[in-house]
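Protein chains: 2
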Amino acid sequence: MTEHTIAAEPTHSVWDRSLEPRLRIEPGDEVQIECVDASGRQVRPGMKAAEFLTIDRNRIHALTGPIWIEAAEPGDVLEVEVLATRHSGWGWSSVIEGLGFLKDRFHRPYIFHWDLDGETSRSMAPAVVPLRPFLGVMGVARADDGAFRTRPPGPFGGNLDVRELCAGSKLYLPVYNRGALFSCGDGHAAQGDGEVCINGIECPLDVTLRFNLHKSQRLTGPLVEACETVAPDSTANAWVVVETGTDLAETARAATSRMVDLLVSRWGFTEIHAYILCSVALRLRLSQVVNEPVHTVSAALSKQILPDRRLFPA
Amino acid sequence: MTEHTIAAEPTHSVWDRSLEPRLRIEPGDEVQIECVDASGRQVRPGMKAAEFLTIDRNRIHALTGPIWIEAAEPGDVLEVEVLATRHSGWGWSSVIEGLGFLKDRFHRPYIFHWDLDGETSRSMAPAVVPLRPFLGVMGVARADDGAFRTRPPGPFGGNLDVRELCAGSKLYLPVYNRGALFSCGDGHAAQGDGEVCINGIECPLDVTLRFNLHKSQRLTGPLVEACETVAPDSTANAWVVVETGTDLAETARAATSRMVDLLVSRWGFTEIHAYILCSVALRLRLSQVVNEPVHTVSAALSKQILPDRRLFPA
Numbered sequence: 000m001t002e003h004t005i006a007a008e009p010t011h012s013v014w015d016r017s018l019e020p021r022l023r024i025e026p027g028d029e030v031q032i033e034c035v036d037a038s039g040r041q042v043r044p045g046m047k048a049a050e051f052l053t054i055d056r057n058r059i060h061a062l063t064g065p066i067w068i069e070a071a072e073p074g075d076v077l078e079v080e081v082l083a084t085r086h087s088g089w090g091w092s093s094v095i096e097g098l099g100f101l102k103d104r105f106h107r108p109y110i111f112h113w114d115l116d117g118e119t120s121r122s123m124a125p126a127v128v129p130l131r132p133f134l135g136v137m138g139v140a141r142a143d144d145g146a147f148r149t150r151p152p153g154p155f156g157g158n159l160d161v162r163e164l165c166a167g168s169k170l171y172l173p174v175y176n177r178g179a180l181f182s183c184g185d186g187h188a189a190q191g192d193g194e195v196c197i198n199g200i201e202c203p204l205d206v207t208l209r210f211n212l213h214k215s216q217r218l219t220g221p222l223v224e225a226c227e228t229v230a231p232d233s234t235a236n237a238w239v240v241v242e243t244g245t246d247l248a249e250t251a252r253a254a255t256s257r258m259v260d261l262l263v264s265r266w267g268f269t270e271i272h273a274y275i276l277c278s279v280a281l282r283l284r285l286s287q288v289v290n291e292p293v294h295t296v297s298a299a300l301s302k303q304i305l306p307d308r309r310l311f312p313a
Numbered sequence: 000m001t002e003h004t005i006a007a008e009p010t011h012s013v014w015d016r017s018l019e020p021r022l023r024i025e026p027g028d029e030v031q032i033e034c035v036d037a038s039g040r041q042v043r044p045g046m047k048a049a050e051f052l053t054i055d056r057n058r059i060h061a062l063t064g065p066i067w068i069e070a071a072e073p074g075d076v077l078e079v080e081v082l083a084t085r086h087s088g089w090g091w092s093s094v095i096e097g098l099g100f101l102k103d104r105f106h107r108p109y110i111f112h113w114d115l116d117g118e119t120s121r122s123m124a125p126a127v128v129p130l131r132p133f134l135g136v137m138g139v140a141r142a143d144d145g146a147f148r149t150r151p152p153g154p155f156g157g158n159l160d161v162r163e164l165c166a167g168s169k170l171y172l173p174v175y176n177r178g179a180l181f182s183c184g185d186g187h188a189a190q191g192d193g194e195v196c197i198n199g200i201e202c203p204l205d206v207t208l209r210f211n212l213h214k215s216q217r218l219t220g221p222l223v224e225a226c227e228t229v230a231p232d233s234t235a236n237a238w239v240v241v242e243t244g245t246d247l248a249e250t251a252r253a254a255t256s257r258m259v260d261l262l263v264s265r266w267g268f269t270e271i272h273a274y275i276l277c278s279v280a281l282r283l284r285l286s287q288v289v290n291e292p293v294h295t296v297s298a299a300l301s302k303q304i305l306p307d308r309r310l311f312p313a
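Those protein sequence lines, which keep their order, are chains P and C. Per numbering that gives the first Met the number 0, the very first residue in the first sequence carries number 0; after that it's consecutive. Per numbering that gives the first Met the number 0, the very first residue in the second sequence carries number 0; after that it's consecutive.
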């Protein structure tokens, strides 16, 4: 196992499998990854709303990468374990005209700055916001040629905004290209389900990730293994299927159906039992509702309910 | 304070404000309420799918009530505290052709019987399903004349299927008629978000409820005060806004907007701060996705985030 480091810049803000890898690693390696905030250092502490309006939005999400993982090939599964996260004590949240889940109610541009005090922020007193930082964006290069803006997530991961991906959790992604070509960014010190105003607590966030490879495994979209120490009210200690689509009900349906598949293939339930087990124990959450025109739904089953079983054969 | 009891039968399966109250109580009183299973005792332990198909579905949800609460008038808020629940050791879950979230995938009628062993069920080994029983249906008579089947919930409560409503939690409902006319039933020993196959663990469930009245308080829909001991992965120790509508995204939007209102009116946040706080800390869940054509969304904020504050002035 080798430890690597990679600086944030130059960042990139598209998924494009023709991008030159900035780092080459072996499966099993750990990487300390510096990530600037989603604006790519354009937002600074104390910045006012008027100035915020002038930033170049094409630079969002300012990702670090790509990282080439040796031996990774299409049809493999990349396992990304979040070992540690380090915020820098400051973050921001904005409201932008025409964006956000309540855009008909909130028109006026606004920016709020948060002081991050270790494990909480008290900047919006009397609220005490618990911090459990995670990267909003982690993904591999897409299967198709071209340069795609990073807002919509997909089977390749990307802008998932799944708050369970804090230190201790793992993300499994299908590999679509040789070397996988992993990139990440969009640090959030905290985020609610749906990220309703368009931002979580956006922040620079350095992370340590460990990469593992599972050769020739079937996986049709992102799967999260959530640890026991996620933020309050998150889905701790669970298997979480993540689906993205334009219709919220259909997306929730796809996530449910994929969880049924997982219960059948990995735990050996009959299909009908898997369906009923979902009906009595599944958690269905709206992880992201502001990446128009797509929404992201998470379907989770607690590990308390299922016996420990390997996701992939050793 | 007086303690009352009410037997389940005769049950009713419509919301109809002209129904004769079966019990009259004072605010502050406790009531031991017997509730048969949602089928109204038509499903019995060991019943096979073929026989299950012949039950009279018009008898679902077989509610107990109405209960008249003295002094309750339109414009008041009824507080219903769940003090205790008692299942009888057995429950069932079914799959019905043409119903359920994955009805295109699961056509064949099926019924599964669960042995309920105190706090878990191991009937679907190797799964261990934690039990935290609650009533799927609690509501007051609607504001309009007529007899309405009980499947769609609404601002009056009803078929909410919110799993946080276990012993220790409270439900707040707007009152639309003199006496409020509360009814309840549809016991679930466990239920996942969305209740995807169309059932939770359906079971007879006796409950003890305490009723309190808050005079002339504004409340536009169901609000849950979730206790700390809900089922794993539920939203514990939280304020939960419950909204129902035909479009899932619009319903989630309405729930978010109502949470913003609550933060403004009860905690004194500015509107924009309330919106941002939701973006960094709100939990958005699909509580019910099989009550076609409506869906139910829960929006929750942990009490860990907010200082203790009375929901209604004393």
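Think of the hints as simulated: they come from the structure by calculation, not from any bench. Where hints are given, some of them may not hold.
[Said to hold, decoys possible] Quick look at which bits of chain P chain C covers, simulated, 3 or more residues with Cβ under 8 angstroms: (1) 89-100; (2) 154-168; (3) 203-215.
[Claimed, not checked] Here are some chain P residues the structure puts well away from chain C; computed CB gaps all over 12 angstroms: (4) Arg21; (5) Glu25; (6) Gly45; (7) Ile54; (8) Arg56; (9) Pro151; (10) Arg177; (11) Ala189; (12) Asp246; (13) Leu283; (14) Gln287; (15) Glu291; (16) Arg308.
Backbone N, C-alpha and C define an ideal beta-carbon position, used for all residues, glycine too.
Evaluation of the provided hints:
1. 89-100: holds (count 4)
2. 154-168: Violated, because only 0 residues of the segment 154-168 of chain P bring their Cβ atoms closer than 8 angstroms to Cβ atoms of chain C.
3. 203-215: Per the Cβ count (0), the hint is violated.
4. Arg21: Non-interface label stands for Arg21(P): nearest chain C Cβ at 31 angstroms, farther than 12 angstroms.
5. Glu25: holds, 36 angstroms
6. Gly45: For Gly45(P), whose nearest Cβ neighbour in chain C is about 17 angstroms away, the distance exceeds 12 angstroms, so it holds.
7. Ile54: Label holds. Min Cβ-Cβ 18 angstroms, cutoff 12 angstroms.
8. Arg56: holds, 18 angstroms
9. Pro151: holds, 16 angstroms
10. Arg177: holds, 35 angstroms
11. Ala189: Since the minimum Cβ distance to chain C is about 5 angstroms, Ala189(P) lies within 12 angstroms and the statement is violated.
12. Asp246: About 8 angstroms separates Asp246(P) from the closest Cβ of chain C, which leaves it inside 12 angstroms; violated.
13. Leu283: Nearest chain C Cβ is 4 angstroms from Leu283(P), so the label is violated.
14. Gln287: violated, 10 angstroms
15. Glu291: violated, 10 angstroms
16. Arg308: Non-interface label on Arg308(P) violated, nearest chain C Cβ at 9 angstroms vs cutoff 12 angstroms.
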